[in-house]
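Please build the complete structure, drawing on both the sequences and the hints.
Those protein sequences? They're chains A and P, same order as listed. Using the working numbering, the first residue of the first sequence is number 1, and each one after it goes up by one. Using the working numbering, the first residue of the second sequence is number 1001, and each one after it goes up by one.
Don't take every hint at face value.
Claimed, not checked - Here are the computed lysine to aspartate or glutamate pairs in the DMTMM-like style, where the Cα-Cα straight-line distance is at most 25 Å:
| # | chain 1 | residue 1 | chain 2 | residue 2 |
| --- | --- | --- | --- | --- |
| 1 | A | LYS53 | P | GLU1175 |
| 2 | A | LYS179 | P | GLU1050 |
| 3 | A | LYS65 | A | GLU199 |
| 4 | P | LYS1217 | A | GLU50 |
| 5 | P | LYS1053 | A | GLU175 |
| 6 | P | LYS1179 | A | ASP49 |
| 7 | A | LYS54 | A | GLU199 |
| 8 | A | LYS53 | A | GLU77 |
| 9 | P | LYS1111 | P | GLU1203 |
| 10 | P | LYS1212 | A | ASP164 |
| 11 | P | LYS1002 | P | ASP1230 |
| 12 | A | LYS212 | P | ASP1164 |
| 13 | P | LYS1065 | P | ASP1049 |
| 14 | P | LYS1217 | P | GLU1228 |
| 15 | A | LYS54 | P | GLU1175 |
| 16 | P | LYS1054 | A | GLU175 |
| 17 | P | LYS1179 | P | ASP1164 |
| 18 | P | LYS1179 | A | GLU50 |
| 19 | P | LYS1002 | P | GLU1228 |
| 20 | P | LYS1201 | P | ASP1230 |
| 21 | A | LYS179 | P | ASP1049 |
As the list claims (entries may be wrong) - Sample of chain A residues at the chain P side, in silico, Cβ under 7 Å:
| # | residue |
| --- | --- |
| 22 | GLN168 |
| 23 | ARG177 |
| 24 | GLU180 |
Just so you know, these hints were derived from the structure itself, not from any lab. Positions of the beta carbon are idealized from the N, C-alpha and C atoms, including for glycine.
2 protein chains.
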Amino acid sequence: MKSIIIASTSTLHGGNYLEYLLPTLQSHFKNCSTILFIPYARSSGISHDEYTKKAAQAFAAINIKVKGIHEFENPEEAIQNAEGIFTGGGNTFLLVTQLYKNKIMQLLAEKVKSGTPYLGTSAGSNICGLSMQTTNDMPIIYPPSFQTLGLIPFNLNPHYLDPDANSQHMGETRETRIKEFHAFNAIPVLGLREGSWLEVKGEKITLKGNLKARLFKQNETPVELETETDLSNLK
Amino acid sequence: MKSIIIASTSTLHGGNYLEYLLPTLQSHFKNCSTILFIPYARSSGISHDEYTKKAAQAFAAINIKVKGIHEFENPEEAIQNAEGIFTGGGNTFLLVTQLYKNKIMQLLAEKVKSGTPYLGTSAGSNICGLSMQTTNDMPIIYPPSFQTLGLIPFNLNPHYLDPDANSQHMGETRETRIKEFHAFNAIPVLGLREGSWLEVKGEKITLKGNLKARLFKQNETPVELETETDLSNLK
Chain A
1 MKSIIIASTS
11 TLHGGNYLEY
21 LLPTLQSHFK
31 NCSTILFIPY
41 ARSSGISHDE
51 YTKKAAQAFA
61 AINIKVKGIH
71 EFENPEEAIQ
81 NAEGIFTGGG
91 NTFLLVTQLY
101 KNKIMQLLAE
111 KVKSGTPYLG
121 TSAGSNICGL
131 SMQTTNDMPI
141 IYPPSFQTLG
151 LIPFNLNPHY
161 LDPDANSQHM
171 GETRETRIKE
181 FHAFNAIPVL
191 GLREGSWLEV
201 KGEKITLKGN
211 LKARLFKQNE
221 TPVELETETD
231 LSNLK
Chain P
1001 MKSIIIASTS
1011 TLHGGNYLEY
1021 LLPTLQSHFK
1031 NCSTILFIPY
1041 ARSSGISHDE
1051 YTKKAAQAFA
1061 AINIKVKGIH
1071 EFENPEEAIQ
1081 NAEGIFTGGG
1091 NTFLLVTQLY
1101 KNKIMQLLAE
1111 KVKSGTPYLG
1121 TSAGSNICGL
1131 SMQTTNDMPI
1141 IYPPSFQTLG
1151 LIPFNLNPHY
1161 LDPDANSQHM
1171 GETRETRIKE
1181 FHAFNAIPVL
1191 GLREGSWLEV
1201 KGEKITLKGN
1211 LKARLFKQNE
1221 TPVELETETD
1231 LSNLK
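Right, dumping it as structure tokens:
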């Protein structure tokens, strides 16, 4: 049975790394003594080692050890043997490129579908959708494909940001960008604000956290969804 | 001799489409009775026809006719015969995909390098750099390559946005995204704020408009450049 947490962000303003999620993660990873960390997205360009250390520090608070996938000689074996898996944020283009390069995109999807508990934040959440095509990140590297894990039957826009009515900036709003996506793609897109996450238990998908999320469907007016909304039938 | 205007945005807050640039464009396109418009980036997802009409309305104020490249049976011939060329903004992934699909990426570069006056705004400016890898746009479509026209020997970030000190949003700032780009790429990136543009005359590249621009180089602290700065030696 799938058991997945898909979080908009790792960190809330004024909080520490993963702090707001720790109570949820304690129960989510309750059967894990060690989890596998995938640091490929290299948040702010930091190294795999630095990033893994940061994750380990956060998980130490709930007595869970963290090992980086780059510490294993064989990334496929690392995935196969993992008790639980966490993919951190950073650059989605880089993350997806590395998952393909290390030939673990499909394996990771199968492993999580078979019931291994998974946590994604930001870029690590983006890859849970059907494609990475609604990421906010810069295309700093050319991935072999935009297709991702497909753990849920729609796409995500993490760090969803509402248009700022006072802004004089004329660059596209997030909503305009998603509208452009829907000019060519029929996949629904869920804008997850910072502090929201999706809980996936088997085939049940539920919106969690204190905030509403914004749902974009092709040729439809976007709608606000309340927390605890059941998204199992969204596709 | 190259003659190029590379603008951060088409429209300033409170202004009309291309309005702030019209005096510059009048002299830039002074020998053109008709210019070729490339609407492939489909700003906000509008159609090629609608977008071309919008461009034509703006250029009517300076007595220049506009014809969309999609109105020609053969896009290559349209480029070859153009007196002047304008590529509008929208989605850079879509623009680049269409340029490759219609086999005109290289031809457009050669045509502009041979002296045909060119105007780019936003996505149409992004493609003037070495690659589209510092775009702000969503990857709504998978282009065959991220390489672009290379009319200037560095990359651009149009609509450059300074970090908002009051923001509680934890998504990456523009500066963080460019830093991630520089973890893998040595190409300098010029952040062009809305209202700035580059003027290229032969090999001379000059920063124009009333604002400073922000220059990012790999492993260096970003610097602010004054308007009228000569960028001919930047690479």
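Would you check the hint for LYS1217(P) and GLU1228(P), treating anything up to 25 Å between C-alpha atoms as holding?
20 Å, holds
Is the straight-line distance between the alpha-carbon of LYS54(A) and that of GLU199(A) 25 Å or less?
OK: LYS54(A) and GLU199(A) at ~24 Å, within 25 Å.
Please work out if LYS1111(P) and GLU1203(P) have their alpha carbons no farther apart than 25 Å.
16 Å, holds
Assess, step by step, whether the Cα of LYS1217(P) is no farther than 25 Å from the Cα of GLU50(A), and give holds or violated.
23 Å, holds
For the pair supplied as a hint, LYS53(A) and GLU77(A), confirm whether the alpha-carbon distance does not exceed 25 Å.
This hinted pair holds, its Cα atoms lying about 21 Å apart.
Holds or violated: are the alpha carbons of LYS212(A) and ASP1164(P) at most 25 Å from each other?
24 Å, holds
Given the hinted pair LYS1201(P) and ASP1230(P), is their alpha-carbon gap at most 25 Å?
11 Å, holds
Decide if the proposed pair is consistent with the structure: LYS1065(P) and ASP1049(P), CA atoms, cutoff 25 Å inclusive.
Since the Cα atoms of LYS1065(P) and ASP1049(P) sit roughly 14 Å apart, the hinted pair holds (cutoff 25 Å).
25 Å limit on alpha-carbon distance, applied to hinted pair LYS179(A) and GLU1050(P):
With Cα atoms ~17 Å apart, LYS179(A) and GLU1050(P) stay inside 25 Å; holds.
Would you mind confirming whether the straight-line C-alpha gap from LYS65(A) to GLU199(A) stays at or under 25 Å?
22 Å, holds
Is the interface hint for GLN168(A) satisfied, with its Cβ closer than 7 Å to some Cβ of chain P?
For GLN168(A), the interface hint holds, since the closest Cβ of chain P sits about 4 Å away, which is under 7 Å.
Between LYS54(A) and GLU1175(P), is the straight-line Cα distance small enough, at 25 Å or below?
22 Å, holds
Violation of the numbered hints given earlier is absent; every hint is satisfied by the structure.
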